[in-house]
Each structure stands twice: as structure tokens, then as C-alpha cells.
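Add chains B, C and D to chain A, keeping to what the hints say.
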Amino acid sequence: MQISQDPIVWLSAFVTLSILSFVFWNDSPFYNYVQSAYLGVAAGVTVVVGWSNIKNQVITPLMNGNYSILIPVFLGLLLLVRYIPGLNWVARYPVAVLVAGGAGLGLANTVQAQFVSQIKAGLLPLNSFDNILMFVGLLAVIAFFFLTGRTTHVMEKLKLGWVTRLGRIVLMVAFGASFGTTVMGRCSILIGRLQFLLTDFLGL
Amino acid sequence: MNLIAGKIFSFLVLIALSVMTVLLIQRMRQSKEPVDIRRLAGLDALEEVVGRATETGRPIHYNPGIGSIESASTGARVLGGMEVLGWLSFQCARYDTRLITTHSSPSSYAIAREVVRNGYVQAGKPENFREESAQFLSSNQMAFAMGAVQIMQRENIASNVLIGSYGAECLLLAEAGNTLGAIQISGDTNAYQLPFLIVTCDYSLIAEELFAAGAVLSNNRDVYGSLIAQDYGKIIALVLLVVGSLMVTFGNKAIVQLLSW
Amino acid sequence: MKNLFNPDKRVTYFLLLLVMIIPLINPLGIAIKPSTNTLLAYDYVENLKPGSSMILFIDYGMGQSAELTPQVLASLKHYAAKGLKLFAATQVPEMATALTSYLDQTYKAANKEYGVDYVDLGYFAGAESAVGAMGDSIIDVFKADVYGTDLTKLPIFKDVTKLPDIDVMFAVTASGTIPFIRQANTKFGMPIIFSVNAVMGPANVPYVQSGQAVSVLVGSTGAAEYETLIGQPGTASAAMDAQSLAHLVIILLIVWGNIGYFMEKHAAKHE
Amino acid sequence: MKRTVPIIVSFIVGMGLMLDNFVKFAPLNTAAVSVRSWLVIIALFSIMVAALNLLLVHIPRIRKRSGTWTQSAVLITFMLLTIFTGVFMGTKNTIYATFYDGILNPGSTTVNSLLAFFIASAAVRTFKARSLESSLLLLTAILLMLSNVTIGSAISKYIPILGQWFTNVPNATAQRGLIITSSLAFVTISLRNILGLSTQWLGGKD
Numbered sequence: 001m002q003i004s005q006d007p008i009v010w011l012s013a014f015v016t017l018s019i020l021s022f023v024f025w026n027d028s029p030f031y032n033y034v035q036s037a038y039l040g041v042a043a044g045v046t047v048v049v050g051w052s053n054i055k056n057q058v059i060t061p062l063m064n065g066n067y068s069i070l071i072p073v074f075l076g077l078l079l080l081v082r083y084i085p086g087l088n089w090v091a092r093y094p095v096a097v098l099v100a101g102g103a104g105l106g107l108a109n110t111v112q113a114q115f116v117s118q119i120k121a122g123l124l125p126l127n128s129f130d131n132i133l134m135f136v137g138l139l140a141v142i143a144f145f146f147l148t149g150r151t152t153h154v155m156e157k158l159k160l161g162w163v164t165r166l167g168r169i170v171l172m173v174a175f176g177a178s179f180g181t182t183v184m185g186r187c188s189i190l191i192g193r194l195q196f197l198l199t200d201f202l203g204l
Numbered sequence: 001m002n003l004i005a006g007k008i009f010s011f012l013v014l015i016a017l018s019v020m021t022v023l024l025i026q027r028m029r030q031s032k033e034p035v036d037i038r039r040l041a042g043l044d045a046l047e048e049v050v051g052r053a054t055e056t057g058r059p060i061h062y063n064p065g066i067g068s069i070e071s072a073s074t075g076a077r078v079l080g081g082m083e084v085l086g087w088l089s090f091q092c093a094r095y096d097t098r099l100i101t102t103h104s105s106p107s108s109y110a111i112a113r114e115v116v117r118n119g120y121v122q123a124g125k126p127e128n129f130r131e132e133s134a135q136f137l138s139s140n141q142m143a144f145a146m147g148a149v150q151i152m153q154r155e156n157i158a159s160n161v162l163i164g165s166y167g168a169e170c171l172l173l174a175e176a177g178n179t180l181g182a183i184q185i186s187g188d189t190n191a192y193q194l195p196f197l198i199v200t201c202d203y204s205l206i207a208e209e210l211f212a213a214g215a216v217l218s219n220n221r222d223v224y225g226s227l228i229a230q231d232y233g234k235i236i237a238l239v240l241l242v243v244g245s246l247m248v249t250f251g252n253k254a255i256v257q258l259l260s261w
Numbered sequence: 001m002k003n004l005f006n007p008d009k010r011v012t013y014f015l016l017l018l019v020m021i022i023p024l025i026n027p028l029g030i031a032i033k034p035s036t037n038t039l040l041a042y043d044y045v046e047n048l049k050p051g052s053s054m055i056l057f058i059d060y061g062m063g064q065s066a067e068l069t070p071q072v073l074a075s076l077k078h079y080a081a082k083g084l085k086l087f088a089a090t091q092v093p094e095m096a097t098a099l100t101s102y103l104d105q106t107y108k109a110a111n112k113e114y115g116v117d118y119v120d121l122g123y124f125a126g127a128e129s130a131v132g133a134m135g136d137s138i139i140d141v142f143k144a145d146v147y148g149t150d151l152t153k154l155p156i157f158k159d160v161t162k163l164p165d166i167d168v169m170f171a172v173t174a175s176g177t178i179p180f181i182r183q184a185n186t187k188f189g190m191p192i193i194f195s196v197n198a199v200m201g202p203a204n205v206p207y208v209q210s211g212q213a214v215s216v217l218v219g220s221t222g223a224a225e226y227e228t229l230i231g232q233p234g235t236a237s238a239a240m241d242a243q244s245l246a247h248l249v250i251i252l253l254i255v256w257g258n259i260g261y262f263m264e265k266h267a268a269k270h271e
Numbered sequence: 001m002k003r004t005v006p007i008i009v010s011f012i013v014g015m016g017l018m019l020d021n022f023v024k025f026a027p028l029n030t031a032a033v034s035v036r037s038w039l040v041i042i043a044l045f046s047i048m049v050a051a052l053n054l055l056l057v058h059i060p061r062i063r064k065r066s067g068t069w070t071q072s073a074v075l076i077t078f079m080l081l082t083i084f085t086g087v088f089m090g091t092k093n094t095i096y097a098t099f100y101d102g103i104l105n106p107g108s109t110t111v112n113s114l115l116a117f118f119i120a121s122a123a124v125r126t127f128k129a130r131s132l133e134s135s136l137l138l139l140t141a142i143l144l145m146l147s148n149v150t151i152g153s154a155i156s157k158y159i160p161i162l163g164q165w166f167t168n169v170p171n172a173t174a175q176r177g178l179i180i181t182s183s184l185a186f187v188t189i190s191l192r193n194i195l196g197l198s199t200q201w202l203g204g205k206d
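Residue numbers (my numbering), protein chains in the order written: chain A, 1 to 204; chain B, 1 to 261; chain C, 1 to 271; chain D, 1 to 206.
Looking at chain A on its own, in the form it has when it is part of the complex:
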């Protein structure tokens, strides 16, 4: 076991152990101050990377005479106006373009990507146990999500209340699958940290 000589490895070992101390000592000052440092660096990195993008995607094209880019730049700068009292309504224009643009792009393909494609994928020949189970399970889950009286009263009249309960049970299997796999994800991040401490730092 020979401890690493690299100062950066020492610094990250210190940061790792300070944050891990939170688990055993809830308001440990190490955790509080190291976390503040990390949040500061994270915000700083965002500004640095954002600035290099502004140079590449805004300033250089403008200098090369591509003036059509002035429109989005103008809208982007309007976002800064939000901090001038009385003028913050001006910032609504870039927000409108961003929110509506995102919604429009999402809407354009959501129906095909999720609604239509997944219904097509649900059209299975009912000739095997798995396919029949998937067919009934899918109908039950969709029926479970009937919420308003207009549909649920019809379900009660047709004595189909049990379909909603079946839908809820099938959903529990899906949530169980996600729950089980989440544990793997959380553990792998902690194991990654221990690997760093044991191999890179302590050289085991």
C-alpha cells in the first residue's frame, strides 16, 4: 500500500471524506464548507463553459458578418432585463419563445413517439400466454388512469371496477422493477467513491 503523491488526489480524498462525514455527523462543518466550495466551482464552470460557447457561437459569427444571429442574441439579452424593477415584463418575450418553442417541438413528435408508437407496439397477436398477459395488463393500466366521472361511472355501470384494481397491481410490478434497479444505481456511485479512495488514494 503506497499512498499517492499527487496533490489533486489528496484534495479529492479530503473532499470525499468531508462529504462522507455528513452521514455520521449531520452538521459537520467539513461537509458544509466543502459543499459550498463544490457548489461555487460548479456554478463557475457553468459560466466559463457558457462563455466559451458565446465566443464560438455568437461573437465569432457576428465578426464574420453573420448578422442574422442578432435576433436570438437580442432576445437572450432581454433575459437580463428581468432584474430592472418595472421592466421585468420585457423578459417575458424570450421566455415565451423558449417555453413555447420547447412545447411546440415536444408536441410535434410526442403523439407519434409515445402515443401512436407504443399503441402499435401493444398490438400483439393473442396467441401466447405472455402476449395475452401484456394485452390485459395494458388495458388495465390505461383503465386505472381513467380519472373523471364521465368514464369511471361507465366503468362502474359495466361492473368493471376490478379492472382498476388489476391496473394498480400491474403498476406495482413496474414500480418494484424500478425500485430494485434504483438500488443498483445508488450503490454503484458509492462503490465508485470507495474504489477511488482505496486504489487511487491508498494504492491498495
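Please keep in mind that the hints were generated in silico from the structure rather than gathered at the bench.
Every clue listed holds true.
The following label-pair restraints were derived from C-beta to C-beta distances: (1) C/Gly29 / A/Asp130: 32 to 40 Å; (2) B/Asn2 / D/Gly90: 46 to 54 Å; (3) C/Ile230 / D/Trp165: 25 to 33 Å; (4) D/Ala31 / A/Leu160: 45 to 53 Å; (5) B/Ser107 / D/Ile59: 17 to 25 Å; (6) A/Leu160 / D/Gly67: 50 to 58 Å; (7) D/Lys64 / B/Ser107: 18 to 26 Å.
Listed below are the simulated DMTMM-like cross-link pairs for lysine to aspartate or glutamate, each with C-alpha atoms no more than 20 Å apart in a straight line: (8) C/Lys82 / C/Asp117; (9) C/Lys265 / D/Glu133; (10) C/Lys33 / C/Asp43; (11) D/Lys24 / C/Asp136; (12) C/Lys158 / C/Glu113; (13) B/Lys32 / B/Asp222; (14) A/Lys157 / B/Asp36; (15) C/Lys162 / C/Asp150; (16) C/Lys9 / A/Asp27; (17) A/Lys55 / C/Asp150; (18) D/Lys92 / A/Asp6; (19) C/Lys49 / C/Asp117; (20) B/Lys234 / A/Glu156; (21) D/Lys92 / C/Asp104; (22) C/Lys82 / C/Glu46; (23) C/Lys265 / B/Asp202.
Every residue, glycine too, gets a C-beta built ideally from N, C-alpha and C.
Showing chains B, C and D alone in chain A's frame:
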């Protein structure tokens, strides 16, 4: 001008959904019909939440999660939670029960403060409104969760309401509430956090049930109208699935072609 | 009775740490058998003809890198060995510098030529909207690579201007697969290989079954299997034994807690 | 001017980008290409505003010495140091690289690793089979936990097979149901945003 092949059916479905949504929202805005939603376990438990807190004299804690109101994906969920908060604050004002809410973003803090104060005004007791009912903790997920847990432990809360937009912090909040023996109701559309909420809380509003509960409690006509439109969309899906599957079983691919038109 | 089945938190923390550290120091060497998902992704790339183009999107933060970076490195080593032309970008600002180091460890290490075999496009703002804009023109979205050189001057962009010109997408995401499916697969049928953090594995199975995604590699287990397939065991394989024991401990804790719960309920019923 | 025009703008942009996907109509398609490229630039400015917003949250706290102002002081100093070295001396500069590899990388990874501890403590204290549903959830979770890791197949070769079946049949059909129903919710919410029926993104009262 012509339609792009392969996307025509989706376009028709989108138009049908849009027309239904707009018409139903307009009609619900005019009609006096009460918001009629199927029985939701989480909704009925809200009475129990207020009752338990009033009997024991211990406060109710509400927390909308780390999600911000501005972003499209989390905004609707936080606003659904705020509608539940509106009902809660009215009940707390009526029964003089203490209500504490903790927040991770200045905007959700500001809106919650307005919602709770409004609840006290409607109950005719504006003077009973207390600052503790809306507290901004931190925008960092872990610091926000631990701050809320410390308040829950210090105040020894009777009930814990976690309806909004959550990340991994909901595990911390729900576990703390559980170890305090508080009655807990949760609600989120985030399928990755729902498993934890269902296992740790007594009652859970699953996915769109959250919006339905919010619409009932605050008589939100727009949400009610769009929920009806969504239900009709589900009927379209069920019809396509049943007819399509039967036809595919007998080797007829007409519905599959229709969907890929 | 209460504290036997409801131990102090620190007891469970020590137990978890112990069970993870022991196999990291001396591994148990339990065999890693690749699952269908990993084979789907691996075989798809194996059947690509050399010189096909691939675009990599890093859509996870530094916090998830322990779970997803092993998969990125394993896949990039495979793509370099197959001689694929690689376009690499990230929509998370803090990952721009990390992306450069991942390319150095894989494509540069396999002495591929920058600008001809691979290009580092760095960070782009706008998430799904930007992927939508790349459908029109990648050059217009980025304009220059990380080093500031104009994209039109790079040989790799000779016959590639927009996203549909690229053969395959490799999206490594911790936030969601739908934005990539909507803007690339639905719009112009681009095949996508996903690597997602473990929590999103089960939720994305329908997209593999519907053919909208080639495969969805799941977290660090997928990475360990991929490392085994390319014959270069790395950090993910080394972590698998610790994963196994950690999972066993958590399962035992759940069972133990529930035994206490049922005994308590049983005792309460008889009072 | 303050409310109606932004709503009209959002209607035009939203509808335009949506229709562009379905309709081949030259003026609409070319306009949509440029609007999409605008989104990238505006989004770039909005993340810069969000990052600088941190200054507005923490600097008043430092000036007023209120609450955890010492932590805010540490945060702001590291933020400004990172910005200064990164912008003026380049990202290859030693100080910037030390902050990146020595603080940001371990910091964000370790904060995320804490969740493994909380799952372990919650496992014994709160994950109880209270009802039929939570027991079904827990049983499926335990099966998936075993089948996801190598020890599962070591215990018995049926575990991975059963795990795969649960993932590809009951789980897949339930997730498909969730996808179909959530896409309907997404459509109605996005429509209400574009058509100006819900305007919480406008913010403010006037």
C-alpha cells in the same frame, strides 16, 4: 402544401386532442358542474391528516420537492401540490392547526406564502397567519432535504404531505416522517421516485391522480376540462388496442397500417 | 424489541461500507454473464461497416459519472477499434472538460486523428430544442469545435452537415430518453443506442420492444458486461462483487425490518 | 403589451414549430429552421443568467451577515475564482484543473453517493409490506435486485431468467401504459401553455 407521409395519423390524433381539450376547458369554465373525479385514497386521507394534527396539537408539514415552477416538466406538478396546499391552509385556519411548509426555490416559497395567507383570509382569520408557514431552506437538494428533516424532528409533526415534484430527496423526507410516526400522503408523476413514495407513505397519489386531487380541492376548471380530454384520449387508445390486437391475432394488419399512415 | 429490529442508522451505514470494501480489496471474482440488452448494443456495432459515423451525447452530470462513465469509456474503446467516425458533444456544462478527457483516453489513445476520425464539439445549450435544431444543421448549432476551429474546415464534416447524415446515435443520459427518441428516431428514423442510469432501465424497455431504440444499456452492470465483451475489464467489472454483496445486505435489511414489523403487528393484535 | 403580446408570440412560435413537423410548406419550414437555431442561443443566455442569479442570492446574505453567510462567502469566492481562471487563463490552467478534478468531480459524486446510505437505513426502518401493493412492489424489487447483479445467477440460474421475464412482460406492459397516459397529460399541458390557457410561465400579477 401537403402532409408528410407517416405522420398523418399522429397529426389527426393531435388535432382531435387539441380540439377536445380547448372545447372541454371552455365548457367547464362556463358550467357549474362540480369537479367529478373517481375516488382517490390519497384525497380521502387528507381529512385524516388534518384530524390527526388537530387532535394531537402537533403541526402538519408540507413540502413541494426540489422541482422548480418555471420548468415545463416540473412546474405543473408543483402547482398541483400548491392547490392541495390551498385546501390544507383553509382547514388549518379553521381548526387553528399549525401548518409548516419548506421550500427549495424562492418562487415556490413566494407562491406558497400567498396560498397559505389566502387560506387564512378565506377562513376569516387573517391575523393567525404565521411566518413559519412558509420557509425557504436552500436550493441545494441535500441541504434542502436535511433542513426540512431537522424542522420535522424539532416540531414533532403529526402529518407529512409530500405532493409536488421530487428527486432523490423524497426518500429522506418520507423516511424522517415515517420514523416520527407521522401519517404521510405523497403524490408525484415522476415514475422514478414513486416506488419510494409508495413504500414509505400511507397513501400515494400516482401520476395524474395528483392533478385530479388538485382540481377537486381547488375546483380548477381548466385542469378538470383537460382531465376529461385525457380520459377521452385513453378511450381512443383502448379502442385501437382492442380492435387492433384482435385483428392482428387473425393476421389482419389494417390497424397497424393505419397507425403508420 | 424496538431497537433490535430498528437499529441505529450508523449500524446500517457501517454494515454497508464493510460489505463494499472487503470485495474491493480482494475480489470474489463472480462471473459476469452479458445480458440480452448488452449483446443487442454490442452486436449492432459489430455489424456496422468500418467508417460509419456515430454521434455521442453525454447527458448526465458529474454526480452520475461513477455510474455512466465506465459505459462511455467501454463503448468508445469499441467504436475506436471498429474504426467508426465519432462526433461527441454534451448538454451539461460541467461535462465539457470531462468529455475531452474521455476522448483522450479512448480515441486519442488508439492514435486516431483528431478532425478526421473524431471531433470534440463540447457543450451545447438548449437540450431537446438543440437536438431538434441539429436535425437541420449540426454546423449551424455548434459553428466551431471545442478548440474554436471552424467545423467546415474539418475533414470529418466533409459529407456530414446535419444529424440525419450520421448513421447511429449513442445517447448516455440520466434525465430521459424521450427527447432523443422524439427529435431523432421519430423525426427521421435514426437508430439510437442508449446507456441510462439504473433507475431508468425498466422504464425504457418498451422503447426497445417497439424498435424505437436499438438497446438500452443499464447502469454499471451494463458497463461491466460491455467491458467483458470487449475483453478489457475496467472499474465497472471490479465493482460487480461489491455490488452483489451490497444488494444482499440491503435485501436482508428489508427482510429483517419486515420481520420486526409483522412481529410488532402480531403482538399489538394480541394486547 | 405586458401579457397579451407575449401570449401571442408563444402561440405563433409554438404552433409554428408543431405544424412544421407535419406540413410541407416552404415559408413555414424555413422559418422553423431559423427559430430552432434561435432556441439554442436564447437557452445559452438563460443558463448564464441562472448561474449569475446565484450572486443575487448569496451576496446580499454576505452583506447582511445573516444565516449561513460564511458558507455563502466560501461559495462566492470559489465561484469567482473559477470564473476568473477559466475565462482569462483557459481551462488548461492549473488552478482551474485543480478545482475541476479536485473539488467538482469528487464533490458532486460523493454527494450523490450519500443516497446509498439512506437507502440502506430506509431498507430496515421504512420499507414495510404495509399493504398488498407495497408487498408486491417489495417482492418484485428483491427479485430484480438479485437478477441485476452477478450473485443472482450464482445463486440459481432461474433468478436472471425470472428477472428478465418480469422486466420484459409485466413491467414492460405497465410502463407502456404509463407512457401512453403520460403522453396525453404532456399534450394537454403543452397545449395550455401554447394557447395561453395557462400562463404561470408569465409570472407576476400585472
